[in-house]
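Q: Knowing the structure of chain V, use the given hints to seat chain Z on it.
These are the residues of each chain, in order.
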Amino acid sequence: MGDKLKQIIDKQSEQKNGVVEQLDDVVQLVGFMIGDEEYAVPILAIQEIIKPFAWTRVPQVPNYILGVFNLRGAVIPLLDLRTKFGLTPKNQGEDTRFVVLRHGDDVAGFVIDRLTMAIRLKKENIGAAPDAVGGDDSIIEGVGKQADKIITILKVNKLLERTF
Amino acid sequence: MDEFQEILQDFLVESFELVEKLDEDLVELESNPEDLELLNGIFRVAHTVKGASSFLNFDVLTHLTHHMEDVLNKARHGDLIITPDIMDVILESIDLMKALLETIRDTSADEGIDVSACVARLDKISNGEAPSDATVEPEEKSEPESVVEEAPAEEEEPDYDNMDPDEVEAEIERLLAQRQSEDKAKRDAKIAAGEAVPTMPEVEDEEKKEEEPKVEKKEEKVVAKKVPAPVKKEQKSANKESAKAAAPTKRTPAAVEQTIRVDVKRLDHLMNLIGELVLAKNRLMKINEDVEERYEGEEFLEELTQVVSIVSLVTTDLQIAVMKTRMLPIGKVFNKFPRMIRDLSRELNKKIELVLAGEDTELDKSLVEEIGDPLVHIIRNSCDHGIETPEERTAKGKPEGGTISLKAYNEGNQIVIQIDDDGKGLDPQMLKEKSFEKGIITEKEMDNMSDKEAFTLIFRPGFSTAAAVTSVSGRGVGMDVVKTNIEKLNGMIDIESVVNVGTTIKLKIPLTLAIIQALLVGVQEEHYAIPLASVLETVRISKDEIYTVEGKSVMRLRDDVLSLVHIGDIFEVERILDASEHAYVVVLGLGTSKLGLIVDTLVGQEEIVIKSLGDYLKGIEGVAGATIRGDGGVTLIVDVAALMNMAKDVKNSALNSSTEGSSAVKEKTKASDYTVMIVDDSKTDRTIMRKALEPMGITLVEAADGQEALNILKSGDYNFDAMLVDIEMPRMDGYTLATEIKKYNRYKNLPLIAVTSRTSKSDRMRGVESGMVEYITKPYSADYLASVVQRNVNFKAEFL
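Residue numbers (our numbering), protein chains in the order written: chain V, 11 to 174; chain Z, 5 to 804.
So that you can see chain Z by itself, here it is in the shape it has in the complex:
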């Protein structure tokens, strides 16, 4: 049983690989119906699947593929010319084959799909009847000179019609071997000639091809031996060969790639380990920085720095290497579009040509899986709404056939997928009016909307420009899916369009999901990481530049109006620290929307590893995950898409937080309700102060340096009425302490009394600058100290 499963697995993997390439080949075949190489390739697929499935007892699949094989075999032998109608049937049968393979994958059996109708049609074709009106064109003789010009590199071909199946098999084998060696020779010749390989056959080529069916027929029967093909032909077949690279590699020994199949889980695990390593690297770099500061100039430091940079370098390389193992060419996704365009253009009665470029561009496996759907929707949309009917196009003076081009390329850390069409373009005015009609936007929004913003309306749910709902599009769902999916990948969408010239949609997607570049921002005492892919720019603004419109904050950014939201409002950050006059705005872009996020500080850019918050905390709005920083702390990662949603509902408290001042002060009922902190590094000094103040009966708290004092303040255990601060202290001196304390809203009005032996004027000045209210110089009398404290805490006379 296990053995059977193993064989079954291999069968499925192989079959899916074969089928994947099939669609593209078939569509190409339609334009070059006589292309023997292509036909052979397709025939081989049907044959291989048939052989394997009969061995594995999948009767339905065998039955279907057998009949497909019949038709293809006839076509191969020239008894049948592939017309679009015949192609429809073949494509249908291939769809059925795919469906069957999927059923087998899921259930290990090929039941539940009815193939009889399709088989009947296939039979009809192989019996020489056309599926509908079109019959096989009688073979016309073409001019002899074209025979010579177009002569392919074939030797005499035996009469297949009189062969029995075994002989046919043998013949195929022979032809294959011959073909391969020819191709190889041609490729070598081509490489030697240094020619570039165009991805799509050129138009002239296709025109020439029109004549070819007749030519080849003739050559079988009339011409016995041929001269080697002219250069032109060589180039063409070589092109085809390279376009078909994926399928034939297995069979052409010259191009065998050394590969092994690896379970994706193992790669994921490897990726996780690398993630840990990146975190450790970040940590090491941080430690190195700290050590550098402390032991500047020491010899071992240089060595440490060297080791750290090597580790960092190797880790980065390793990360890239592992990421590459997970990369798949985007061609895997692009492959299905030629077929889709073909079907759509027939359905819509339009002439549409698809141009693919950059299929070799690689991106992460998980992204390849996610990107398919959005592209389908965009391309359907371009076909249905973008490209006009041939009549309209001719009227506008455009070529009858429209072109959609799909290309992928790398741009920095992102991959860009660009979809261009030369259709009617988007009319911003029309888009606005339609959206207004459907209640998607208000009249005011409509008036204020720029053209670029208007284009993004097509991504709103419920929006559709189609006059009628067709089977292709018009329900106003598809483009919304595009937006959601792209945002899920932290991608961006960019649209450009000119009426009657065409539309360009660019999808920008980060290369990988697990390890990302992030911008770290600070708000109060917290840090957050924002995926750098979603950050367009950062701006420093003063509070005056923020305006309020309908209860929302906005700012003017060059020519745009940018809505703003404070990160503290989104993440419920308590405002302990006093906000400064200036703020930083991180301009976030996702999909097509923009938002300004106000933060207190910009910390910097860092490579972070996304970790999940686990089951217990999953699904917190606005948080995409967490990462571990160099210092070992955890920083939350902002989910930009969710944040944009949340921003709509957030009321801005950001800017009118102004001064609530010191919160409700409790009524003092007894002397011990007054609390004063004594900060001094000398125990003796603290005791002297304590002795001086104790007679008043107030509560006294001691701290040995600025840091400790700050911690006591932060803990909020006491409500201080005043602080006595020494200036010269280890760890944190009095001035720094005062500056730090004044950052907190709560302690803005806390009287700070400097008690020091520094007496110079500049010391006093510094004291005032840092927010000290009194300056007592040592030595002082106990009474004086007490009176200063009493004055500053508003000590009630009755307690004396």
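Same shape as in the complex, but just chain V:
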């Protein structure tokens, strides 16, 4: 009886280790479209994804900051990634979503054109950002390679950093 129990426990812990190993290798991301490009952020940095609703404009800020909105009692800034990335603003449509990202105490909502999917990427398939745009100041964490396309992975802490 005791042996059997031990075996089961051993087996379970083995499995657990296996899962941990797997998790270590794999990065989970959420992909989304801005213009024609696909971007992704780590799934753990996402607090929630919500459908667009009304926000309040804030004066005297760069144009990519749309304003603030109420997320269950908290006042949170809303940024338009299209404008931030230098694309022409587009009206929000059916597929538009607010992605609420969190890094430490910083929280902000980002307007994206369309969600694509949750992505599991092996670490070895993530390359460094191209030299030209790399470095500490870059907003790009790295480039994820998939079978048919590449995805730009964004640095959440840089997205949430005030740059004005």
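The set of hints was computed from the structure by calculation and includes no laboratory data.
These numbers come from a predicted model, not from an experiment.
Any given hint might turn out to be false.
Computed far set for chain V versus chain Z, every beta-carbon distance over 10 Å [what the hints assert, rightly or not]:
(1) L54
(2) T66
(3) Q70
(4) F95
(5) E104
(6) A128
(7) R130
(8) K132
(9) E134
(10) G137
(11) S148
(12) I149
(13) I160
(14) R172
Some chain Z residues near chain V, calculated using beta-carbon distances under 7 Å [as the list claims (entries may be wrong)]:
(15) I278
(16) R298
(17) E300
(18) F575
(19) E576
(20) T605
(21) G608
(22) I624
(23) I632
(24) G636
(25) G637
(26) V638
(27) Y784
Beta carbons: idealized from backbone N, C-alpha and C, even for Gly.
A: Only chain Z this time, still in chain V's reference frame:
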């Protein structure tokens, strides 16, 4: 180690509490040097601190307090009379003690402060030498009758001089216990007599006191037993007792208050939660209103209304209750002023008396911390510039000693702190000339300035009326600090002054900072919240009442000229909606300045909770924060102080925004450049219209009702050349739609064509009133419709 820290914390808290009360006691002691009760109290402080600090190995502090104790002990026993010079040394040593305690608080050690000089002086005093010229007056005998009259309720006093320290301790204990029971008895007697308690000893009292040192000396040695004190004396000691309430409460069991110490952070957290609750309450009330509208007369509605009002009531009470836990009596701030006035009057060689009132008035802890500095500056200023020297005063026929009174009281949702002095007052003409000399104001400003405005000049940075800079004031900085600090608290400053009679400064401060009453205003489609404390009044004006002076808008408000600024210019609001002939002016007052803020609409008054915009958006000029409204939307809160600053630089586009008309119309190069919207709730009707217009090759957009049509317009996706509007539609009918559209500058000239089966004359009239240009009645021929549209969009013939 932790245990030590814990003890240390307790020690610090206790010591600071004791020291806080000390200053006031000492100053009072100076006028009543023989007051044994006071002396005992002060001695106890020194003793307690000494005991605890020696236990905690703070040698410097122990050393200092030990010597203080020596001096005080001598004074207590009557071997020493407290002269102002001795008092200076004692006060100095207490300052050192405070400094040491602060060092301990910050560094957990009492190093780095040199006390030897002070200790030497204390030693000198306790050895019987005066610190400077004045020696202890030999005790004179006074008339025996005064002994009887003034006899305090003391039993025989043993000869302290021959006691060893332990005996002294025991004696103190005994005396204390005895004193307490006496005081208690006296208080009871007093309460029974129903006497009011004056906060300051009266002048006659003090005169009497002059004689007392001698009396008490005598009584120790000559008189063995005393009759109980006469009523007069009783009253006096009771007064002192109540004035000293804070310190002795711990020791008088009769007056023990049940209190617990709570970390401020917990209270802050509680306050935040209440804030959430207030928001939820606002939301609930809004929902209740909506439901009421929709289900009028239904039974459940009454129940809902009841619940909502109970929730609202309880929330308000809860909010007040929590706010009260954060309230501190303003006496905490006032306490340090008697000492300050004493020091200043000695320094300036003036006789100044400070009268305090309303020390029990409570205000939020955060405000108590902020209000100290401004008051210091105002009082210093009153001492230095307000009160004249005794000679000048006598020459003017005023009493030799000046009076500064400091009082606090509640006025509505605000607390008012009033500082009066009976000094020389402010001379508006002189103020204007000085400011002009220093280049603070222009000559023109000087001529147009009212007296009241002139008084406010003293708050301008760089302004000073003092002929010379003294150590007390004259640098022209202090009053500027007052203004900035008070404005930071959303407070207002009011000055009144009469030359040679005195000056009154009133500081009006909101009770709390977290939850405030706000006036909600609308500009175009946006709303903003203005703290109600800064709103003086609102006025409805027509555009003709606005004048332009040097590129700035102003208006006449009764006898004043009020400068105006449009909220839209401050917050870069895009002007989509057409402004009406009338505007509302919100008159803002902050500190001493006033400004008229032009808004489109007044929405109403609401209780709002201030939320920060967070790190990402902090520091936006003119925005103090945000709040969440009943409908769940976010409304920005106006920072009135910043707004007043910004208003100086804003050029007014507010009023000459007039009509730019329809913006640059793009040249039409092909038929499909023309865009027409069809608004009709019936799919069939829309299709009929589409069929009629399609042959022209123009672009057609459909909307199923007025609301949808309006949304399409607002989105700006299309540039419409005309709209075909059905009158009867759900959600928003054609007339309302037309009225709404005409509010937008951009669409002022957009042709609206009514297509309807309503044919009566009144319908047509309404159509015209709401801005329709054509009226087509169903049924119509396709050709007719097409020709009407062509005419209205100026369809170019070549596209046909």
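Q: Look at each hint and say if it fits the structure.
A: Hints and how they fare:
| no. | hint | in the structure |
| --- | --- | --- |
| 1 | L54 | holds (20 Å) |
| 2 | T66 | violated (4 Å) |
| 3 | Q70 | violated (5 Å) |
| 4 | F95 | holds (18 Å) |
| 5 | E104 | holds (14 Å) |
| 6 | A128 | holds (27 Å) |
| 7 | R130 | holds (31 Å) |
| 8 | K132 | holds (34 Å) |
| 9 | E134 | holds (35 Å) |
| 10 | G137 | holds (30 Å) |
| 11 | S148 | holds (20 Å) |
| 12 | I149 | holds (15 Å) |
| 13 | I160 | holds (30 Å) |
| 14 | R172 | violated (5 Å) |
| 15 | I278 | violated (13 Å) |
| 16 | R298 | violated (21 Å) |
| 17 | E300 | violated (28 Å) |
| 18 | F575 | holds (4 Å) |
| 19 | E576 | holds (5 Å) |
| 20 | T605 | violated (17 Å) |
| 21 | G608 | violated (18 Å) |
| 22 | I624 | holds (5 Å) |
| 23 | I632 | holds (5 Å) |
| 24 | G636 | holds (6 Å) |
| 25 | G637 | holds (6 Å) |
| 26 | V638 | holds (4 Å) |
| 27 | Y784 | violated (34 Å) |
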